[in-house]
Amino acid sequence: MSARSIAAAVRSGERSARSVVEEHLAAIDSSEGEVHAFNLVLADGALARADDLDRRIADGEDPGPLAGVPVALKDNLCTRGIDTTCGSKILEGWCPPYDATVVERLAAVGAVAIGKTNLDEFAMGSSTENSAFGPTRNPLDTSRVPGGSSGGSAAAVAAGFAPLALGSDTGGSIRQPAALCGTVGVKPTYGRVSRYGLVAFGSSLDQIGPFATSVEDAALLLEVIGGHDPLDSTSIPEASPDLLGALGRGVEGLRIGIISELMGGPDRAASVEGIADDVRARVEQAAEALAAAGATVEHASVPSTVYGLSAYYLIAPAEASSNLARFDGVRFGLRVDADTAAGMNTATRTAGFGDEVKRRIMLGTYALSTGYYDAYYGKSQKVRTLIQRDFARAYESFDLLLSPAAPTTAFPLGDKTDDPMLMYLNDVCTIPSNLAGHPSMSVPFGSGDDGLPVGVQVLAPALAEATMFRAAAVLEGAAP
Amino acid sequence: MTSPEIPRLSRDDVAHVANLARLTLSDEELDAFTGQLADVLDHAADIEALDLDDVPPMANPLPLVNVLRPDVPVSTEDAAKADAAAGFRAEVLAAAPSVEDGRFRVPPVLGEAP
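The listed protein sequences correspond, in order, to chains A and B.
Per the numbering used here, residue 921 is the first one in the first sequence, and the count goes up by one each step.
Per the numbering used here, residue 474 is the first one in the second sequence, and the count goes up by one each step.
Keep in mind that the hints were calculated from the coordinates and are not lab data.
Just so it is clear, CB atoms sit at the ideal spot from N, CA and C, and this is done for glycine as well.
Hints are not guaranteed to be accurate.
Claimed, not checked - Derived, one-sided and incomplete: chain B residues facing chain A with beta-carbon distance under 8 Å:
#1 Thr497
#2 Val528
#3 Val538
#4 Ala569
Hey, can you work out the whole structure from these sequences and the hints?
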């Protein structure tokens, strides 16, 4: 049942919020043991919240557009008084003293927080295998990864544990798991959704966004969480966009470009490597569907996107090395004692962080260090300018762009854990939007040769979410 | 392939940045991390090779400028807000590993025993 129909039924009194929550808790009970989507299921809290909503509705109140709708929250979103681990031992047992803005906004429209979802530690990873609390499995095939880092949120929605979930996307951490689990996943324009209360990874890249089983539900959730927040200095001072109103408008007259550099294939020397043939075929089929619906579809070139991966894996670790300096055993979470303060900091961080987080902290520290700053971090920031310029040029000729969301369908657990660089290649199609600050989303569009879902990525210029959702709705309707 | 100016990442480099980042690595970890980090830096050889002298760096997607708001104290004039602030302070301190007299307690910073 979609979030929209649940909310309609609960608001009209046709269904109780309690029955909705009980139904989802039962789904969690039956298969969470295999999937491990959650670090924490908020069963008691969700039922109490549902009863409160039912009382208010009985009193004639309208809780709002997400009345009674269970929402799963990535476990790097601060929830007051409720454990927020970021998938890390260094924060195990920590309860934030405040709610993230998105959590407050969900509460204000009647949503029910159903649990905190598993993630790669501090959102660093593409498979949710880097969690200190064990991996999440893809509900469609539990021998495969759900993608990452928001793998728990993607899996929760795909498994029917919650109709909606929130994730965070720094280099693809919403769109790639959405693609691998066959859900809709959206990274909004940088600044569209407040980052207040999102534990920071790469502050110039991070953005919170929705997972849903339909384009309409994703639009509903983004409308609710978007809009200006004075508590985030990078929040864009604009109201949340009208997305639901855009959904039925079709793509007639839109100009849509397929990004050649992200399509791979033997005849495309200028493209990134590793795009699977079955994935490429689905993106081409999606392009045909958009053309059949009245869009003009052509090949587009965004040449510098091929440098996105290299730039990202210097910029994001550099920002992470700075952001994660706060985990020092002084104010929250784990402390491993030692004779001196510096010794305590070192012992705490060494015991508390997992390997991938250590790798990124060291990589970032190195990229920012004297003698290497210009060659690595400085150069990457210039590549970022190039990518933004190339997108701007492409958007002179096109309203939207198209590419795969992930290079392959879901891969087996353990396949890429020994080779970090191989794992990083999963993000090659999603990273450019983060570097440019643009919105993009993954829409399920058929399956690959292995029967697992393929996600098509729709990319738009800054603040053009409404146009992006028009194409997404058409793709959803035309999906094989 | 790395550019001629930048030598390949060494084990000593990794030990140095681990120390800067307040991390202790075992010998095995040093070996593994050195290879893995060098792989990432090798991949970045593609951007090292670009001539970008005329391209400005970009730190953030938004054209942000720093703005200052008026510096007006908000909590102490209003008793209710002050109570809320005190409660919040208690919550923050309650989450800390060690606290003394309303402050975070840490081991000696300058080597002298307390």
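To see whether the hints hold, each was checked on the structure:
no., hint, verdict
1, Thr497, "holds, 5 Å"
2, Val528, "holds, 4 Å"
3, Val538, "violated, 11 Å"
4, Ala569, "holds, 5 Å"
In the structure shown, a violation is registered for the earlier hint numbered 3 alone.
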